[in-house]
Amino acid sequence: MKGGGRRSEATVALKVVLGVSGGIAAYKACELVRALVKRGDEVRVVMTRNAQEFVTPLTFQALTQQPVGVATFDAGYEAQIGHIELARWADVVLVAPATANTIAKMAQGMADDLLTTVLLATRAPVVVAPAMNTQMYLHPRVQANLETLRQTERHLVIEPDAGELACGEVGAGRLPDPPVILAELDRAFSPQRLQGKRVLLSAGPTREAIDAARFLSNPSSGKMGYALAAAARQLGAEVTLVSGPTALATPYGVTRVDVVSAAQMHREVMARVASVDVAMMVAAVADWRPAHPSDKKVPKSQMTPSLELERNPDILADLGERYGHGRQGDGDERRPLVVGFAAESHDVIERARSKCARKGAHAIVANRIGGPTSTFGAESATVHLLAGEDEPQTFSGTKTEVARALWEALAGHLQR
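Okay, so the sequence shown: first residue is 1 according to the numbering used here, each after it adds one.
Hints listed in this document are in silico derivations from the structure and should not be mistaken for laboratory results.
Don't take each hint at face value.
[What the hints assert, rightly or not] FRET-style restraints, in silico, Cβ to Cβ:
| no. | residue 1 | residue 2 | range |
| --- | --- | --- | --- |
| 1 | A378 | A357 | 22 to 30 Å |
| 2 | A409 | K296 | 42 to 50 Å |
| 3 | G397 | K296 | 23 to 31 Å |
[To be verified] EDC-like, lysine to aspartate or glutamate: derived pairs with alpha carbons at most 16 Å apart:
| no. | residue 1 | residue 2 |
| --- | --- | --- |
| 4 | K296 | D211 |
| 5 | K297 | D211 |
| 6 | K355 | D314 |
| 7 | K355 | E389 |
| 8 | K355 | D287 |
| 9 | K355 | E344 |
A virtual CB, placed ideally from N, CA and C, is assigned to each residue, including glycine.
Working from the sequences, and respecting the hints, build out all of it.
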């Protein structure tokens, strides 16, 4: 999207005009409205004539507790809020689903119904979520119209999902689920402080096999790493996430590489780090692994009460040795900002500061584990950022909020 929204914080409630056009995906707009309202946004719906063939205006009125706009010359609606006032009221206009017909009108600047009139009158960002048959979506004229919108100031196009469509075909054209649309909506209001930056993150636990049925691991959920990946992408970065085993969905727009063991994670991180601007190691990586794992399940009767272990590679230390603090590279060499995480049960800041120096990281994020304030698996966290000679910065909140705050704080260090 060229340009940006009037608001700088995506966590602030938005005034959303939702334009619903006439495709089968119109029914999914109901779920989208519920998601917007649930998170505190104020929503007003404008429907095209064909959209009313799929969902009634009364449905959206019940979900939003607001009148629904259906016609440019609706005297009752205009008496409550005129189309120009509606265009001015909006913080963002979201068109979802956007049919090929509506997209064509937008690209040509037409204003023949209430929705397209509002779109021309607003100065708010416009987010467009196409949804249609695959062959229609791939048609050169539709693609040309979408490209026109992408090049239009304050317009953002969300790419459709691929999968089975209502018509029975399989391919691109599905309206993305609400979490994806909400993430892109927030991105439209995020200052792109990481625009043009490449970020590599690790997240989750690792598993070190004992045999085919047993392994060594830890209780890391991966939530903090995934929140950091989503926040970096929201701030404009190109993000690659090397993830241990988790049950979490991949953040929209993030490239995910799945691994199981520490050795696999080490290999994938080291293979990618040379081309990035930030390497943030959030994963709870096992320090040790069984020296002689079995590829078959070992009967309990054959197991012993002791287990011989060998040390895993130290990913953060290897990054620090190659790129970290105090390491002098040649002038043309890309040197990523190396950021580690330290999960400590006591003396959190002191132990994290020692780890940062020992491993050569540019910065480290410390958090407490164990006891009632442990961050493992929790939805919220309190962390301390230690970067260079700066005083520690403390951030508390949900992991989504903390992730955003960490990137805001680290953005300045990328200008070094």
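Evaluation of the provided hints:
no. : hint                      : verdict
1   : A378 <-> A357: 22 to 30 Å : 28 Å, holds
2   : A409 <-> K296: 42 to 50 Å : 49 Å, holds
3   : G397 <-> K296: 23 to 31 Å : 46 Å, violated
4   : K296 <-> D211             : 6 Å, holds
5   : K297 <-> D211             : 5 Å, holds
6   : K355 <-> D314             : 12 Å, holds
7   : K355 <-> E389             : 15 Å, holds
8   : K355 <-> D287             : 14 Å, holds
9   : K355 <-> E344             : 11 Å, holds
In this structure, the one hint that does not hold is number 3.
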